[in-house]
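*Asks:* Chain B: place on chain A using the hints.
There are 2 protein chains.
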Amino acid sequence: MTHDEFRAAGHQLIDWLADYRARVAELPVMARTAPGEVKAQLPAAPPLGPEPFADILADLEKIVVPGLSHWQHPSFFGYFPCNGLPASVLGDFASTGLGVLGLSWQSSPALTEVEEVVTDWMRQMTGLSAAWSGVIQDTASTCTLVALLCARERASGYSLSRGGLQAAEQPLTVYTSAHSHSSVEKAALLAGFGRDNLRVIEHDSQYGMKPAALEAAIRRDAAAGLKPCAVVGTTGTTTSTALDPIAELAAVAGAHGIWLHVDAAMAGSAMILPECRWMWQGIEGADSLVLNPHKWLGVAFDCSLYYVRDPEHLVRVMSTNPSYLRSGSDAQVKNLRDWGLPLGRRFRALKLWFAIREQGVAALQQRLRRDLANAQWFADQVRAAGGWSVLAPVPLQTVCVRHQPRGVDGEALDQHTLGWADRVNRSGQAYLTPAILDGRWMVRVSIGALATEREHVEALWMLMRQEAERSD
Amino acid sequence: MTHDEFRAAGHQLIDWLADYRARVAELPVMARTAPGEVKAQLPAAPPLGPEPFADILADLEKIVVPGLSHWQHPSFFGYFPCNGLPASVLGDFASTGLGVLGLSWQSSPALTEVEEVVTDWMRQMTGLSAAWSGVIQDTASTCTLVALLCARERASGYSLSRGGLQAAEQPLTVYTSAHSHSSVEKAALLAGFGRDNLRVIEHDSQYGMKPAALEAAIRRDAAAGLKPCAVVGTTGTTTSTALDPIAELAAVAGAHGIWLHVDAAMAGSAMILPECRWMWQGIEGADSLVLNPHKWLGVAFDCSLYYVRDPEHLVRVMSTNPSYLRSGSDAQVKNLRDWGLPLGRRFRALKLWFAIREQGVAALQQRLRRDLANAQWFADQVRAAGGWSVLAPVPLQTVCVRHQPRGVDGEALDQHTLGWADRVNRSGQAYLTPAILDGRWMVRVSIGALATEREHVEALWMLMRQEAERSD
Chain A
1 MTHDEFRAAG
11 HQLIDWLADY
21 RARVAELPVM
31 ARTAPGEVKA
41 QLPAAPPLGP
51 EPFADILADL
61 EKIVVPGLSH
71 WQHPSFFGYF
81 PCNGLPASVL
91 GDFASTGLGV
101 LGLSWQSSPA
111 LTEVEEVVTD
121 WMRQMTGLSA
131 AWSGVIQDTA
141 STCTLVALLC
151 ARERASGYSL
161 SRGGLQAAEQ
171 PLTVYTSAHS
181 HSSVEKAALL
191 AGFGRDNLRV
201 IEHDSQYGMK
211 PAALEAAIRR
221 DAAAGLKPCA
231 VVGTTGTTTS
241 TALDPIAELA
251 AVAGAHGIWL
261 HVDAAMAGSA
271 MILPECRWMW
281 QGIEGADSLV
291 LNPHKWLGVA
301 FDCSLYYVRD
311 PEHLVRVMST
321 NPSYLRSGSD
331 AQVKNLRDWG
341 LPLGRRFRAL
351 KLWFAIREQG
361 VAALQQRLRR
371 DLANAQWFAD
381 QVRAAGGWSV
391 LAPVPLQTVC
401 VRHQPRGVDG
411 EALDQHTLGW
421 ADRVNRSGQA
431 YLTPAILDGR
441 WMVRVSIGAL
451 ATEREHVEAL
461 WMLMRQEAER
471 SD
Chain B
1 MTHDEFRAAG
11 HQLIDWLADY
21 RARVAELPVM
31 ARTAPGEVKA
41 QLPAAPPLGP
51 EPFADILADL
61 EKIVVPGLSH
71 WQHPSFFGYF
81 PCNGLPASVL
91 GDFASTGLGV
101 LGLSWQSSPA
111 LTEVEEVVTD
121 WMRQMTGLSA
131 AWSGVIQDTA
141 STCTLVALLC
151 ARERASGYSL
161 SRGGLQAAEQ
171 PLTVYTSAHS
181 HSSVEKAALL
191 AGFGRDNLRV
201 IEHDSQYGMK
211 PAALEAAIRR
221 DAAAGLKPCA
231 VVGTTGTTTS
241 TALDPIAELA
251 AVAGAHGIWL
261 HVDAAMAGSA
271 MILPECRWMW
281 QGIEGADSLV
291 LNPHKWLGVA
301 FDCSLYYVRD
311 PEHLVRVMST
321 NPSYLRSGSD
331 AQVKNLRDWG
341 LPLGRRFRAL
351 KLWFAIREQG
361 VAALQQRLRR
371 DLANAQWFAD
381 QVRAAGGWSV
391 LAPVPLQTVC
401 VRHQPRGVDG
411 EALDQHTLGW
421 ADRVNRSGQA
431 YLTPAILDGR
441 WMVRVSIGAL
451 ATEREHVEAL
461 WMLMRQEAER
471 SD
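Which chain is which? The protein sequence lines are A and B, in order. For the first sequence, my numbering gives the first residue as 1, with consecutive numbering after it. For the second sequence, my numbering gives the first residue as 1, with consecutive numbering after it.
Just chain A, with the same shape it has in the complex (with noise of 0.2 Å):
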């Protein structure tokens, strides 16, 4: 392909996508295939030769297409938000186009110091102070897993330069909630901790972790000849945008000197509202945190931001010096590889770059305003109607709902919930995503993709009433 044939496909490449975009909303939101269907369609073998590059985008149109989920449809409110801004999606563009690798500063400069401004620009979009230090990962499971090692090597004095957590003398023990992510204990099973090593919190009413049992746990734990190393606690969990009372945790941590990790891969984009910093009250107590400017707040995936207070150790725990990366400039430069677990990085800068220069803060900060009160809208709709219910606070833009039927319960309220939501998904009108809370399965409306109005939540509500209260 030479360049102007890239120029031609680029175009056409580009108009295809303008196109899904804007026809997105007419497709059905949950992709309808059967296991195996894309794949029957796709050669069992790669061809000898070359294709044509108009081969390849009907394929995109015919076999991919059908085979999709649509994130970005206006009634997507499965999961969470994961937003991809045009001006965002432009930036990563722009990142693959130029090919360019960081693999130290000097590997191309302006790689590293342009991630190192616009993570300094969400830190203070977000009311952080100054004495945290961003970079950018791929996801909040890396984050949590390289906060964990981190928070091994400092409690154990940097085993890793002796017999590893092989020769620990005294066990390493992780604190979270039973409402933190699944990366969570995830990360804390390969960082070598051990699930014996691992304590699963107890939770309050409204699914945040008690400060008190996290206390008591600890003691516990240290009274036995364990050694207390990290508390995982999150700003909006997975499945009902809980909020783990995060200076009271910091507190205790800081008490205990163990390391304290703050999740609010979710909740995080919420930061840019003033109104609502009060959900991680005493995040500058926190050694590290993660959000991820990929979900809701609209970069294209994939867009973690890891923050730290103390970037020495992270270096100290994640540093590589091989030869063939030096450079006479090391000394005065980050070297991002040096702080997370790849060596190689995309500019994935760039399209955190475009999208918040493209819509400035105020936009940015409008939309989320605008998903919010569709939040609370949608809340109020459903605690008006009879046989619903909203099962958790709806602080963000989450909100956990139930119907249940006169005289259904247990399993059977199961069943009915499974079904109603699985007949919302499979009509192709909208997407929610099941889960379960208090042991019972419920629906998680997630509200907050680009394109959803709310036109799109009043829809939803009548789909949902439809389809739950309909006789079976």
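Since the hints were made in silico from the structure, they are not lab data. Note that the coordinates shown come from a computational prediction; the quantities given were computed from them, not determined experimentally. Treat the hints with care, since some could be wrong.
Heads up, the list lumps identical chains together, so a pair's fine if it works in one copy or across two of them.
[What the hints assert, rightly or not] Lysine-lysine pairs mimicking DSS-like chemistry, simulated, CA-CA at most 30 Å apart:
hint	residue 1	residue 2
1	K62	K334
2	K62	K39
3	K334	K39
4	K227	K210
*Replies:* The following block gives chain B in isolation, referenced to the frame of chain A:
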């Protein structure tokens, strides 16, 4: 930005990128930016209001481009080729533009199924048997970490479900060579093994690991009450593209029941050439391997392929199953979140799919053969020139060279080497990476950027002679 504004801005950006690729040969290869120079041109605070897209594009040209080292430049001979084939770039654009996310199969079935198909295409293209299952990860660093975590769990009988590494009765040991990539040591330390349990095995004069030394180290450790766990071999090391003897390593690993992971990040691309497959002969005896299509093969970064013989083991180590990610199809499909560290995944398969289809296997092979021939030609010139030597075998596209003026050795030789390499890099006409081999600096010439033809290698050789042979 409306759909039509996106269309217009997208066309502008495509044109800008096509022009960039067309004129990149005229830019200085290595950035001439001083530390902090890019940062100083950017506002310290984010904009409150929106900025026109034209301003952002203008800054890309004015601030970013001068701060880049141009990896797509025909005279980029640094690090390793990190090629972005135009078709692959467009595949990545499609991924970002669609903005769908793979959390589970159901969250976008085509994302998973296209990935299954193209990783299997690559398996066939590289001559691997059908016993291998592949998945796309971000980088080889991550793949190697995943491999060592899986090795750890197999050797410890899934200690993560109990006391983790902290309850190890017999410390687990890991084996690699001094020529393996820095990510191997990093992965071993992060996985918790500890530096005391990482053995650096002796290599031969061609920088390949000595199987007898590996065998001896394993026996020594076992006799001392330790538990040998994993060996990491390399096909194409970073410094000199040296080849560990995979068949022999596999025999030793097999005899002792330990995990063999093969890092073919660089050389894996060459395995699409049947005449190169002797380089990893015995690969079927490995447990896992990584190869990076985002290097020489030309798929836009990041696209690292991780292949395993036993995917059930991988899933057992990596799986999570929160309620909000369950679906009725789970028994019939692959949920790739359980095949690596992060939960969320981009539709990275598109860029690999686009690249293979637009190129065809034969054209990919032809380009790699061009580069192999250029490397041999270049090595011949170096060997024939007085004062110059080729320091390591040249099985692939990297040539390790040194120029030694009469009577110059030791530290003075290092200064001479770093001096002329720096002059080449600062000239802007080519980019090279110095590295240490056998305790002395030398210069790696890594051939294989998409645009690199014989004429560029010839020009490099003239420039090297000019800068190294001049009297200072």
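*Asks:* All hints, please: hold or fail.
*Replies:* Verification of the supplied hints:
1. For the homomeric pair K62 and K334, the shortest alpha-carbon distance between copies (22 Å) is at most 30 Å, but the shortest distance inside one copy (46 Å) is not.
2. Within a single copy, K62 and K39 get their C-alpha atoms as close as 13 Å, which meets the 30 Å cut-off; across copies the closest is 45 Å, which misses it.
3. Taking the closest pair of Cα atoms, K334 and K39 come within 30 Å of each other only across two copies (12 Å); inside a single copy the shortest separation is 44 Å, beyond that limit.
4. Only within a single protomer do K227 and K210 lie at most 30 Å apart by alpha-carbon distance; the minimum there is 20 Å, versus 41 Å between protomers.
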